[in-house]
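Asks: If you read the sequences in order, they're chains A and B.
Note that our numbering gives residue 74 to position 74 of the first sequence, counting from 1, and the numbers run on in steps of one.
Note that our numbering gives residue 510 to position 510 of the second sequence, counting from 1, and the numbers run on in steps of one.
A hint or two may mislead.
Unchecked claim - Rough simulated footprint, nothing fancy, chain B against chain A, three-plus residues with beta-carbon under 8 Å:
1) 8–15
2) 180–188
Stated by the list, open to error - Part of the chain A face toward chain B, derived, beta carbon under 7 Å:
3) 64
4) 74
5) 77
Think of the hints as simulated: they come from the structure by calculation, not from any bench.
From a predicted model like this one, the values you see are computed outputs, not experimental measurements.
Cβ atoms here follow ideal geometry from the backbone N, Cα and C, with glycine treated the same way.
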Amino acid sequence: MVEHVVDSWRPLAAVLISTVAIALIVASHRRPNVREAWSVIASVGKFAIVASMLPGVLDGTEYRWSLGMVPGLDGEFVAGAEFALRADPLGMLFALLASFLWIFTAFYSAGYMRGLDEPNQTRFFASFAASLSAAIGIAFAENLVTIFVFYELLSVATYPLVAHDETDEARAAGRKYLAYTFFGGGFLVLAGTALVFVLTDTTTFGATAADLAEADPALARAAFGLLAAGFGVKAGLMPLHSWLPDAMVAPTPVSGLLHAVAVVKSGAFGVARVVLEVFEPDLVGELGVGLALAAVAAFTLTAASIIALRADRLKRRLAFSTVSQLSYIVLGLGLAGPAAVAGSGTKTVIIGGLLHIPAHAFMKLTLFFCAGFIHVETHTDYISEMDGIGKRMPLTMAAFAVAAAGMAGIPLVAGFVSKWFLLIGAVEANQAIFAVVLLISGVLNIAYFWPIVYGAFFESHDDADGKPLVEFPLGGRASGGASAGEPKAVADGGAADDAHDDDAAATDEHQEGGHHDTADHEHAGHAVHSDDQHEDHDHHGGPPPGGWERAGWTGAEGSWLMLGPILAIVAGAVVLGVVPYQAMFLELIEVITEGVVG
Amino acid sequence: MSELLPALLIVLPIIGATLPLGVGLLRENVGWSIAALVLSVEAGLTAWLATAVYGGEGATRIVHVLGGETFGRRGATENFVVGIELVADAFSGLMVLLVAGVALGVLAFARRGGPRGNAFYSGYLLLTGGLMGLFLTGDLFNLFVFLEIVGLTTYGLVASDRDAESAVAALKYLVIGTTGASLYLLGVGYLFLRTGALNMVDVSRSLAGEPEWIDGALYGDSLVLAAFGFIAVGLMTKAAIYPLHTWQPDAYAAAPDAVTVYISALVSTGGAYAFARVTWTVFTPEFFAVGQNARILELVIVLACLSVVLGSGLAAMQRRLKRLFAYSSVSQFGLIVIGVCVAVHPAGGTQATRLAVYGVVIHLLGHGLIKGGLFATVGALAHGTGARRVREYAGLAKRRPFLSGSMAVLGLAIVGVPPTIGFLGKWYLAVGALNTRLWPVIFVVFASTLLTLLYVARLLEKLYFDGPAEGAAPAAEPEPEGPGAPGGADGAMMTDGAGSLSYGMIALAVSAAVLTVLLGFAGSALTAAAEPIAQAVIEAAPEVSAGG
Numbered sequence: 001m002v003e004h005v006v007d008s009w010r011p012l013a014a015v016l017i018s019t020v021a022i023a024l025i026v027a028s029h030r031r032p033n034v035r036e037a038w039s040v041i042a043s044v045g046k047f048a049i050v051a052s053m054l055p056g057v058l059d060g061t062e063y064r065w066s067l068g069m070v071p072g073l074d075g076e077f078v079a080g081a082e083f084a085l086r087a088d089p090l091g092m093l094f095a096l097l098a099s100f101l102w103i104f105t106a107f108y109s110a111g112y113m114r115g116l117d118e119p120n121q122t123r124f125f126a127s128f129a130a131s132l133s134a135a136i137g138i139a140f141a142e143n144l145v146t147i148f149v150f151y152e153l154l155s156v157a158t159y160p161l162v163a164h165d166e167t168d169e170a171r172a173a174g175r176k177y178l179a180y181t182f183f184g185g186g187f188l189v190l191a192g193t194a195l196v197f198v199l200t201d202t203t204t205f206g207a208t209a210a211d212l213a214e215a216d217p218a219l220a221r222a223a224f225g226l227l228a229a230g231f232g233v234k235a236g237l238m239p240l241h242s243w244l245p246d247a248m249v250a251p252t253p254v255s256g257l258l259h260a261v262a263v264v265k266s267g268a269f270g271v272a273r274v275v276l277e278v279f280e281p282d283l284v285g286e287l288g289v290g291l292a293l294a295a296v297a298a299f300t301l302t303a304a305s306i307i308a309l310r311a312d313r314l315k316r317r318l319a320f321s322t323v324s325q326l327s328y329i330v331l332g333l334g335l336a337g338p339a340a341v342a343g344s345g346t347k348t349v350i351i352g353g354l355l356h357i358p359a360h361a362f363m364k365l366t367l368f369f370c371a372g373f374i375h376v377e378t379h380t381d382y383i384s385e386m387d388g389i390g391k392r393m394p395l396t397m398a399a400f401a402v403a404a405a406g407m408a409g410i411p412l413v414a415g416f417v418s419k420w421f422l423l424i425g426a427v428e429a430n431q432a433i434f435a436v437v438l439l440i441s442g443v444l445n446i447a448y449f450w451p452i453v454y455g456a457f458f459e460s461h462d463d464a465d466g467k468p469l470v471e472f473p474l475g476g477r478a479s480g481g482a483s484a485g486e487p488k489a490v491a492d493g494g495a496a497d498d499a500h501d502d503d504a505a506a507t508d509e510h511q512e513g514g515h516h517d518t519a520d521h522e523h524a525g526h527a528v529h530s531d532d533q534h535e536d537h538d539h540h541g542g543p544p545p546g547g548w549e550r551a552g553w554t555g556a557e558g559s560w561l562m563l564g565p566i567l568a569i570v571a572g573a574v575v576l577g578v579v580p581y582q583a584m585f586l587e588l589i590e591v592i593t594e595g596v597v598g
Numbered sequence: 001m002s003e004l005l006p007a008l009l010i011v012l013p014i015i016g017a018t019l020p021l022g023v024g025l026l027r028e029n030v031g032w033s034i035a036a037l038v039l040s041v042e043a044g045l046t047a048w049l050a051t052a053v054y055g056g057e058g059a060t061r062i063v064h065v066l067g068g069e070t071f072g073r074r075g076a077t078e079n080f081v082v083g084i085e086l087v088a089d090a091f092s093g094l095m096v097l098l099v100a101g102v103a104l105g106v107l108a109f110a111r112r113g114g115p116r117g118n119a120f121y122s123g124y125l126l127l128t129g130g131l132m133g134l135f136l137t138g139d140l141f142n143l144f145v146f147l148e149i150v151g152l153t154t155y156g157l158v159a160s161d162r163d164a165e166s167a168v169a170a171l172k173y174l175v176i177g178t179t180g181a182s183l184y185l186l187g188v189g190y191l192f193l194r195t196g197a198l199n200m201v202d203v204s205r206s207l208a209g210e211p212e213w214i215d216g217a218l219y220g221d222s223l224v225l226a227a228f229g230f231i232a233v234g235l236m237t238k239a240a241i242y243p244l245h246t247w248q249p250d251a252y253a254a255a256p257d258a259v260t261v262y263i264s265a266l267v268s269t270g271g272a273y274a275f276a277r278v279t280w281t282v283f284t285p286e287f288f289a290v291g292q293n294a295r296i297l298e299l300v301i302v303l304a305c306l307s308v309v310l311g312s313g314l315a316a317m318q319r320r321l322k323r324l325f326a327y328s329s330v331s332q333f334g335l336i337v338i339g340v341c342v343a344v345h346p347a348g349g350t351q352a353t354r355l356a357v358y359g360v361v362i363h364l365l366g367h368g369l370i371k372g373g374l375f376a377t378v379g380a381l382a383h384g385t386g387a388r389r390v391r392e393y394a395g396l397a398k399r400r401p402f403l404s405g406s407m408a409v410l411g412l413a414i415v416g417v418p419p420t421i422g423f424l425g426k427w428y429l430a431v432g433a434l435n436t437r438l439w440p441v442i443f444v445v446f447a448s449t450l451l452t453l454l455y456v457a458r459l460l461e462k463l464y465f466d467g468p469a470e471g472a473a474p475a476a477e478p479e480p481e482g483p484g485a486p487g488g489a490d491g492a493m494m495t496d497g498a499g500s501l502s503y504g505m506i507a508l509a510v511s512a513a514v515l516t517v518l519l520g521f522a523g524s525a526l527t528a529a530a531e532p533i534a535q536a537v538i539e540a541a542p543e544v545s546a547g548g
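Extracted from the complex, chain A is given alone in its bound form (with noise of 0.2 Å):
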């Protein structure tokens, strides 16, 4: 493929154009509808930047930007590396997702933080805006420090977003997120990257891999793990993954865009370029640390599934299910080490990797949407409230079922394609048994996807069946009996009256009976729900009395300015899952295969 490199601003630009948005939020605080306005004019602005290097991109045109561009400063930011963007395949299927991404989001957001009445909303978007830029420097840079730069900005500009409640809980959160990320960042990734430069002189990507090969293979085995476990920390792997349910507490579009698509896929985006472009797959192979990596990944996906199968709030679920299926992309990396030395099966684990990137965000991105428009229009945060909510939310909850299809990876829907490639690499590459991890994992989704669907279409909210995975204490208890004569909210397994004892923070909300009071916050009684099992739910969501009542097939169900993101997304899903190769996003991967294997 001939390789060809342009110099272009349009890299700058897409990463800038979300900064220079922050400016014009900022000022227009006072003004709502303008400052949304600047959040949805940015996000097609970067979308359509980015768009447009897209077609020279697959004919292997890269666009190039580095600071020697600006007059009278040449490009080094420190020694041996340059400040310097570069739209290259990989880049861009991270880029183009992102951005793509974003221009749903702005809207959902919008609707998201009016429908709540969330304060500091100004903060809100120009953190918002921030992280994109951030988001948008990662994919492009060109070399290790530059990524770095990006990544630590990333970190910086997510945590007001995090934090963003102000409560207890939320501070908790953000200050667990900084811990993370910073040791992901400024320690493991830092010192990756200089152990990368002392051993090659250089960090840029693609150039890098001759000298690791020469070089001591215990140093160059920490670099990986160093940098592996530094881009791991924002990819969820586990054990350093702890961040990421916290991080639950900031409002639903970040949970949704950042911490589904572009925090975590920055993290997973890192392992890619570490494992294709600074290691390559063979001295990944050569090393032994491909199968490692993979074991991690294999590891975190089926622990992270287990998890989730006894989270009872809804968005501490889908956030292990991150957790997750992120592992299904470094999993794929990770087994392109062992393919490449078995000689069979490195492109199409490389694909399946890279593909599950687009297809995660679209399923994962549609699952927030849905948890976060049930939060704005009923309150409900909890699974064992949401019984029978197929009436109220139709149109949500048929899109929440058929993203979760895809997530389990039932054919038809993006999940499916990926996790094909997957197995069929694990397979070829001699490593069967990830395969048989990756078919297990996909049982366990369907366990703790199926139960939300069926009882929001199938069961009631006063006619419903036990959740003993979720009820109960683990190990089951001596009355194992159908819960179905107790209240609903009370999922300690105890009488109604115990709960009131051990969960003072959630008094207030007691007091307050099933008042809904729409500028009230959602977390006001969360503050002890760090492990949910045990704990009394506040009564703030679930049916109103006499259940739900029955919302039309037609978007009566609430605002469109959110319903509209949410069936836009689940199209694309689909869309992904019946013609991958006409939705971009496969061209652009086997663009990238061929550049890295040949």
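Put chain B on the given structure of chain A with help from the hints.
Replies: Chain B in isolation, oriented as in the chain A frame:
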């Protein structure tokens, strides 16, 4: 003409220091204007000097010998210099730029923030002159003299609030600082005994055994080793390295805000600069490559590592902002000292030396800028809102968006978040250390990011995500007071000169933040400026001259 500049830079502020007192006999409140005038001229001269140093290819070494060159060194290496040499080279040239910039910038803060009175401005100018001398001198004994001038004026300025707390802090600083200077003097005395020289270049050459009347290199001599030990301990006291740091938190906390900004940006920097200068160009890497001499370097590194870890830990435990950032300095100078030692450690090659030198130079400048900016922000917030403790910072971001933004940017810069000058310094220190393969040191350097985050994140969370603390009385907004209003006697805030928030303060804080980020993109210019120093250290040359 430019040969006169080094002398002029020192003499001008010292002579200028007499003016506020002298003219003050005739008119009141002329101090600020005189200081502004003198320091503006000073800044112009510094810029001139910098152009002269950096204008040509590489960096020119500009030397002025006080007492003339009528006798003394002839040619390149013959004989010794008898007069005192003042040297502006790539290293000192950069540092005097920092001094001139900070000195002028802090004036913007002091105009409203005080302390008031002509005596203060005399001290201020004297301190500037002392610092100029400290950075420009090329003579070991003269370095002691300027260390003392800087020290004594700083003691005075710290105590200029005239309350009990600052008096005690100044006394503590006096005792510890003078002890440190004496130890340094002891080391210089040992060197003088062994080499018969005081000029840095001459001492270095004698140690290397170049003059014909010395039998070979003196690197194995225990007297020389002891000299390094004394000098290192003395200068580490001045740079506030654990466990010799105890003067610093008290001094920073008790000093008036403007003074804290100034001394946090420059005074410890002077100590660290002196340590780097003596270690690099007087002792040179060849000294440490001999026998077991590297052990003493490792001892210093251990202390520096402790300084990094404990400094950050103590900073995270502080309730008062000024003490918090004082401990932060202990930690950051630990990093710098690590870099100084790594540059000359025999375990590292050429590359380690070069990168570590870059790191030290950039972090010295960067830390001065960032820490000065942080203290300016702390001072401005205190003047604007009365908040001096971490818990009083709750929710301040809504009331003071610009100052809070500056604090966020500067705080993240000290953590090492790119693209800031703080990141550049840390990066070079880290890759320099990595080249030596001294793993525990490397670990400490990388972990310092997280340690710094401990206290910075806590502040940012308070500022942005916390409502005013319940139970704690809301910090009172100080009444705006006209110039010359008498300072009250209660609490530190009133005695700080009793000024209210001024645009000068905000401008200083914000411009420090902006400069921190802009310089983050000036990496190549900064390393080009530091290259001649790196070259000199690599070649073990006593003179930092035109780099190749």
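Asks: Does each hint hold? Answer for all of them.
Replies: Quick rundown of the hints versus the structure:
1. 8–15: violated (count 0)
2. 180–188: Per the Cβ count (4), the hint holds.
3. 64: Residue 64/A check fails; min Cβ-Cβ to chain B is 18 Å, beyond 7 Å.
4. 74: 5 Å, holds
5. 77: Hint holds; residue 77/A Cβ to chain B Cβ min 5 Å, cut 7 Å.
Violation of the numbered hints given earlier is confined to hints 1, 3; the remaining hints are satisfied by the structure.
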